[in-house]
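2 protein chains.
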Amino acid sequence: MLAPMEQEAATIGTRTSLRERSRQLVTREILQTALRLFVKQGYDETPIAQIALEAGVSQRTLFRYFGTKEDLLGGNEHQFGQVLMAAVSAQPPDASAWVALRAGIAAVQALHDSREQALERLSLLNSTPSLRAGWLEKRLRFQTDLLPLVKERMDTGAGVDARARAVIGTVFACLEAASTTWVESGGKGDVMDLYDECLAAVRG
Amino acid sequence: MLAPMEQEAATIGTRTSLRERSRQLVTREILQTALRLFVKQGYDETPIAQIALEAGVSQRTLFRYFGTKEDLLGGNEHQFGQVLMAAVSAQPPDASAWVALRAGIAAVQALHDSREQALERLSLLNSTPSLRAGWLEKRLRFQTDLLPLVKERMDTGAGVDARARAVIGTVFACLEAASTTWVESGGKGDVMDLYDECLAAVRG
DNA sequence: CGCCTATATGGCAGCCACTGCCACATCGCG
DNA sequence: CGCGATGTGGCAGTGGCTGCCATATAGGCG
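Each protein sequence line maps, in turn, to chains A and B. Letter by letter, the first sequence follows residues 435 to 638 of our numbering. Letter by letter, the second sequence follows residues 435 to 638 of our numbering.
What the hints contain is simulated information worked out from the structure, not anything from laboratory work. There's no promise every hint is true.
One copy or two, either will do: identical chains are not told apart, so a pair holds if it fits within one copy or between any two.
Taking lysine to aspartate or glutamate pairs in the DMTMM-like style, the calculated list, with each CA pair at most 25 Å apart, reads [as the list claims (entries may be wrong)]:
(1) K474 / E554
(2) K503 / D528
(3) K572 / E554
(4) K474 / D547
(5) K585 / D630
(6) K585 / D624
(7) K572 / E618
(8) K622 / D579
(9) K585 / D595
(10) K622 / D589
(11) K572 / E511
(12) K474 / E454
(13) K585 / E618
All values derive from a computational prediction rather than experimental measurement.
Please model the entire structure based on the sequences and the hints provided.
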């Protein structure tokens, strides 16, 4: 199950090589610097050069750690997608699409480190159009990835694709409605409760 | 009803000043060149410089006509938003949020010049992630603009904001599911029919 | 008709995100 | 220690986009 590189690393005495520890340290340093500056002066008003400078690395290196400025938000979309897909797949075959998807977003919700950090990042995301655009695009990718999984749980027949897409889109729309409301209220209550309320409003 | 500038223009013998005609001509030339190149070699693979060159204007001038590369798609989001809002507002006060929003997207659907052109642009949009992201962001702006209009048509009470947002998001999700399916099928059938099917799948 | 101003255009320099290339340093292994 | 793999920095370049300034031209005026 382990990739060759990880096997190699595991054979080293200190469990993690110096290089790997250094890598994680630099990663965290960059991430923290970026978040700090983003919050202080705004995302669009923070050039990469400044982040690199204050984090103590060259621009070139920064781009090797994070391929894109957006990645500096630390959202870790890769993990998001994996957890989402895994949770949906893990649902029993007789679970409806709605139930399975709800389980998926519940699993994802548990990924946040802390309420405060989640609130901070989501606020930044909500107030920065370019960031929102990027997030929405990733969301779209998840939606298409989810398609086959959801189709299995729906009535077959004409227009399955359209119907499955609609269901997935609706679930994400309700999640976003819940998140936005949660952020605007300053983090009051539980996002999943809000989600259930939103879905109830839609499905009567 | 006319703006000062238009009044002034109307007083000129030829009804539209030379400048204005020239402006429209250049606009069309740029738009056509851009669309042609985008379709031929892809959006991301078409630098502004090439469009400007083949359209016979300088880069600087091109950017004065269209502030952004995305604008070269000619989607005319401004009009989209206006029509959408107007149609929703024009619905009778006792119309439900669902009905009003359906009227809105129906009105917007009528904006397309032709099926072929709509298909061409939507295909390009679907196959170019960066374009999709831009579009989604504009969509989000429409959603927030729609919020107050929709809230009026919903049961007041706790969590109106969240519920209204969820309804709007769902409507757009169904529209997108319909559009995507429509494009993938090569433009078969009517988008509004697909929309109704999607919404039915969601709301039971 | 000729002047004069408002507007349109082009060119240039520059910013910012991002990439490829190359040189050099450093780590880990035998 | 020495060698090969890997990490790092610098530099030049691309592409979208903006500000500034010079120039050209349309349209109103006497």
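Which of the numbered hints above does this structure break? Violated: hints 2 and 12.
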